[in-house]
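Quick mapping for you: the protein sequence lines, in order, are chains A and B.
Under our numbering, read the first sequence as residues 37 to 143, first letter to last.
Under our numbering, read the second sequence as residues 37 to 143, first letter to last.
Among the hints, erroneous ones may be present.
Note that the list lumps identical chains together, so a pair holds whenever it fits in one copy or between two copies.
Claimed, not checked - Subject to a maximum C-alpha distance of 25 Å in a straight line, what follows is the list of computed SDA-like cross-link-like pairs (lysine to any residue): (1) Lys102 - Lys112; (2) Lys109 - Ile85; (3) Lys99 - Tyr42; (4) Lys102 - Val45; (5) Lys128 - Pro56; (6) Lys52 - Tyr42; (7) Lys71 - Thr53.
Everything labelled a hint here was simulated from the structure, so no lab data went into it.
So you can see what is in the structure, the chains are spelled out below.
2 protein chains.
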Amino acid sequence: MCKPNYYAVIFTSKLKTSHPEYSKMAELMGTLAKKQPGFLGMDSARDGIGITVSYWEDLESIKLWKAQTEHIKAQKQGKNDWYSYYNVKICKVEREYEFRNEEDALL
Amino acid sequence: MCKPNYYAVIFTSKLKTSHPEYSKMAELMGTLAKKQPGFLGMDSARDGIGITVSYWEDLESIKLWKAQTEHIKAQKQGKNDWYSYYNVKICKVEREYEFRNEEDALL
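Same shape as in the complex, but just chain A (with noise of 0.2 Å):
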C-alpha cells in the first residue's frame, strides 16, 4: 500500500454511433496527452460505454490538457459529431495498491 499523491481523470462516455474518426481522434488524443506536461499514464477500454483514465501530476497539468489546442477541436467534434454523452470527473488518488501474479513475474 502506497500514499499517491496525483490525479485521475475518469472519461466515461456514449458514442451516437460507432465512427471510424472517432477512433484516428481518439488515438490522436492519446499520443498528443502523453506528451503534455504532467502527464503520467493512461487506460482506457470501451465496450458498450467507454471508460478512459487518464493520471497526471497536479491539476494545473489537467488544466493544460483541457486547453491544448488540438484536444479543444477534439472536444468541439466530440460534442458535435460523436458523443450522445459524457462525463467527467477530476479525482485526487489517496490510496493504491496492486496485485501481479507471480509465475507471470518469472516469465
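Place chain B on chain A using the hints.
Only chain B this time, still in chain A's reference frame:
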C-alpha cells in the same frame, strides 16, 4: 460544474485467460455491491484491459465492501485463478461535469 464530495474506486485488471466463471462472478459482485451501504454507482468496460469504476459515499463504505464476505471469496479466487494483474486506486472526486446531446434528450 458541481463540486462533489464522494469517492471513486478505479479497478484496472488483466485476465490470465477468458474464464466463463469470471463473468458470472463479476456480475454477482456488481449485484452485491449495489446492496452495500454508501454505494452510488458503477461503470465497467473490458477491452483488453478491464476498467471498473465504482462510486461510494465515503471511505467507510469502501472499507465495508472490501470486507464483505462474498467479495472476500471473490478477491481470493481472483488472485488464484483469474487475474494476472490488478490495480486499485481509491480517489476523492473533487470536480465533475457532463455533456448530454440535446437531440437525445428530446427523444
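Hint-by-hint comparison with the structure:
no.	hint	in the structure
1	Lys102 - Lys112	within (12 Å within a copy, 40 Å between copies)
2	Lys109 - Ile85	within (22 Å within a copy, 28 Å between copies)
3	Lys99 - Tyr42	both (14 Å within a copy, 21 Å between copies)
4	Lys102 - Val45	both (11 Å within a copy, 23 Å between copies)
5	Lys128 - Pro56	neither (33 Å within a copy, 35 Å between copies)
6	Lys52 - Tyr42	neither (32 Å within a copy, 29 Å between copies)
7	Lys71 - Thr53	neither (29 Å within a copy, 33 Å between copies)
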